[in-house]
Amino acid sequence: MPVCWNCGKPPRDIHFCADCGSLQPPPANYFDFFELERKLVLDAAELDRRFYALSRRLHPDVFFRRGERERQYSLDSTAILNDAYRTLKDPVKRAEYLLKENGFETGEQKSANVPPELLEEVFELNMALEESAKEEIAAALAKFAAMRGESDVEMARQFERYDQSRERGVLAEIRGLLNRRKYIQNLIETANGTR
Amino acid sequence: MNPVFQIDFGAEERVVGIDLGTTNSLVAYMDLTHPSVIPGEDGDRLVPSVVSLGRGGEIIVGNQARKLLIHESSRTVYSIKRLMGKGIADVEGELKLFPFHVAEGSESVIRVSLGEKTFTPPEISAMILRQLKKNAEAHLGEPVTKAVITVPAYFNDAQRQATKDAGRIAGLEVLRLVNEPTAAALAYGLDKRKQGIVAVYDLGGGTFDISILKLHDGIFEVLATNGDTHLGGDDIDNLLIRIGLEDLLSEWGEDLSQDGEAVQLLRRAVIEAKERLSFAPSADIVFELRGRAFTRTITREVFEKLIVDIVNRTLGPCRACLADAGVTPERIDEVVLVGGSTRIPMVRAAVETLFRAKPHTDLNPDEVVALGAAVQAGILSGHVEDQLLLDVTPLSLGIEIMGGVVSQLIHRNSAIPASATQTFTTGVEGQRNVLIHVVQGERELVKDCRSLARFDLNGIPPLPAGMPRIEVRFLIDANGILSVTARDARTGVEQTVEIKPSYGLTDAQVEAMVEESIVNAEADFRARQVAEARVEADAILAATDKAKQSDAYLELSDRERKDISAAINMLLLAYHSDDHLIIREQIEKLNAATMALAENMMNTAVGRALKGKKI
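Top line first, the protein sequences correspond to chains V and Y. Here the first sequence is numbered in numbering that gives the first Met the number 0, starting from 0 and rising by one per residue. Here the second sequence is numbered in numbering that gives the first Met the number 0, starting from 0 and rising by one per residue.
Some hints here could point you the wrong way.
As the list claims (entries may be wrong) - Below, simulated DSS-like cross-link-like pairs (lysine-lysine); rule was C-alpha separation at most 30 Å, straight line:
1) Y:446 to V:181
2) Y:304 to Y:95
3) V:38 to Y:213
4) V:88 to Y:213
5) Y:588 to Y:547
6) Y:547 to Y:145
7) Y:304 to Y:357
8) V:88 to V:8
9) V:88 to V:99
10) Y:133 to Y:116
11) Y:95 to Y:133
12) Y:213 to V:92
As the list claims (entries may be wrong) - Sample of chain V residues facing chain Y (criterion: CB under 8 Å; computed from the structure):
13) 51
14) 52
15) 54
16) 55
17) 58
18) 63
19) 64
20) 74
21) 77
22) 81
23) 82
24) 85
25) 89
26) 90
Simulated from the structure, these hints should not be mistaken for lab results. Keep in mind that this is a model prediction, so the values were computed, not measured. The beta carbon of each residue, even a glycine, is placed where N, CA and C say it ideally should be.
Can you build the whole structure from these sequences, using the hints too?
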């Protein structure tokens, strides 16, 4: 059981000691930081609300006239707060984070590993790009955007499934979906010329 | 009660807000509830960012220095902000347009010559800061040692570090660097409107920034920022100067581009015309050089044709900023204009068209940034409550990986403080150190990004290749400045990191400058005393000279006249001494020698006065 660095009593609040009020070292886990359950479905408005409330309490501006140790914790806490907010706000990053926390590897998807069901589409896109065929590129873009939409729907479904079952098998499925989605995203960026 | 709550160093110590601008600098403070700009000794609220090295070695700043731009152009420098945090290769283009005299041996840190001495840009900025500090101390009647200083939002790490160094050299503890557009938003107190999205368009003398903020019950959350640290009013001036020089070449048949005095006179003339064109449909560029005059009328229409490219160059960053913020122009509720160049009607029109909102202009665009800095100073010192700035880093941060490619660790427009952790290992058995090259920028290749620093992780335990695991944490603080810490992931032992900044000064160099500035302050003081003694000597020599023409002089004895001549000669000899005491001693001697003369003159004057009166 951790105790407050300042007064030695066990802190009841995750960020501040309930007895002496001093700022504690930040929790490393993003869900813990926001005092959220480790779930994949998340209320975005509630996350925003907590982000602003925590910013007001933890920001270095507020700790300017405090001791060295609290100022350091404030800097560390706010850095984690910002990183955590950025990660949890975005469903894809949130899922990647949870996977990583559960020991899954989520590296860059290599373009060489084309998902077999996408082989034909990739071939067509490359042809269209080579010939700068505007219509074909637009058609491919529309198709990929639709595919991305489908995979988002499927991901949302799997998120709920995981939150209820907490099964590693579901996480493995989500990882597959994430890889596929990333691949589609890359294709969209390629077709848009932004990659 | 716990001691934690009592750690409060000097609760009432004043923190000032400083806008260290390309053209002008200002200092402001929180006066009870409102920010207020502090005027200088001459009553002017703007201190021109111009520094001159006097003939006696004294440092001259502001309006006085600006006057010296014309006749002492080789000892005077302006727009030094353009060189902050830059290497010589970055500024080759600038050097063609600005009369910076860059000294030999300026590789990683530029050194600018002022007369016989050379200074780095942070040292010159420190001279401006020291003047502002002095103005604030005189106005507030108390020592000022803490400040919030503003920087362009698009300033990179090296430029920010250089600004912080300047503060340190000037004897100021820089509590925070605040981005200029964000400061402007704070000054507008736009929190009156509880929610909303605001765009701040800041076109200053040398830099352009655009920031988009979301307001949320007193929280000023920057969504995205973009800009160009090489775009501003200076560019318009340089364009007009070039045209003026061409006109003069065809009119007078003389190329004046290498004539420092002529260029500065022309610069002043075009700036005056440019400023009038914001209010009048046409203005004259009036140029006079050594008795010759040249006038050219410029209409607003022609002016706008000339500057349209410069104005358009601001629109690209605006669109990129909107995209990064994830908002469409329709969602912008308010637009704030900052910087003197936003007085130009064409700039206002362009902003209005792009954001589809009428810009706020109620605060003086020259002062709004300093006022905002004072508000932030108030937040840090606890005088302003319920307001909080959440800013972002303008540029992505990455490290060099194999093949000269950049691996991004912290993306641009991430909220700061921000951090990223990366694990490094060795490639060879027994390798004891790892070199990490950190860059800033949006491009894929290292060569297209800005090199920030090389970090040398040393003291790695000798192990087979790939075994050591060194966890490196990159942290961008609330000032937008990077720090790096490392620890051995197996043992948890903190690892030392040696930093070699690519541009700018090392800590030791800054420390040396801080010390030197104290020594210089003494030298400056001595130089001033000498200058003052010489002024006094001039006065007494002139008075004596005049008195020698009078009847009173003839009434003196030969001995008295001889003593006076001897004292004059002694003072003339002492005049060029570096010791003010020697000069003063001879002034006193001349004073004593002319005592009888002064008395005689007084008597004659009284006699004459009495004669005039009818008793």
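Status of the hint placing residue 89 of chain V at chain Y (closest C-beta pair under 8 Å) = This hint is violated: residue 89 of chain V lies away from chain Y, its Cβ roughly 12 Å from the closest one there, beyond 8 Å.
Per-residue hint verdict: residue 54 of chain V, partner chain Y, C-beta under 8 Å | holds, 6 Å
Within a Cα-Cα threshold of 30 Å, do residue 304 of chain Y and residue 357 of chain Y meet the stated pairing?
-> Roughly 23 Å separates the two Cα atoms, so the pair holds.
Closer than 8 Å between Cβ atoms is the bar; does residue 85 of chain V clear it against chain Y? Give me holds or violated.
-> With a closest approach of 7 Å, the residue 85 of chain V hint holds.
CA of residue 88 of chain V to CA of residue 213 of chain Y, is that 30 Å or under?
-> Distance ~17 Å between residue 88 of chain V and residue 213 of chain Y Cα, so the pair holds.
Under 8 Å, Cβ to Cβ, is where residue 82 of chain V needs to be relative to chain Y, so tell me if that hint holds or is violated.
-> Holds. Min distance 6 Å.
Interface hint compliance - residue 64 of chain V to chain Y, C-beta minimum distance less than 8 Å = With a minimum Cβ separation of about 5 Å from chain Y (threshold 8 Å), the hint on residue 64 of chain V holds.
Measure nothing beyond the straight line between the CA atoms of residue 133 of chain Y and residue 116 of chain Y; if it is 30 Å or shorter, mark the hint as holding.
-> holds, 23 Å
Is it true that the CA of residue 88 of chain V sits at most 30 Å from the CA of residue 8 of chain V?
-> violated, 34 Å
Restraint outcome when residue 81 of chain V is required to lie within 8 Å of chain Y by C-beta distance = holds, 4 Å
With chain Y as the partner, please determine if residue 51 of chain V meets the hint condition of a C-beta pair closer than 8 Å.
-> The hint holds - residue 51 of chain V has a Cβ within 8 Å of chain Y, the shortest such distance being about 6 Å.
Given the hint that residue 547 of chain Y pairs with residue 145 of chain Y, test it: the Cα-Cα distance must not exceed 30 Å.
-> Not OK: residue 547 of chain Y and residue 145 of chain Y at ~56 Å, beyond 30 Å, violated.
Checked against the numbered hints listed earlier, the structure breaks hints 6, 8, 11, 14, 25 and 26; every other hint is satisfied.
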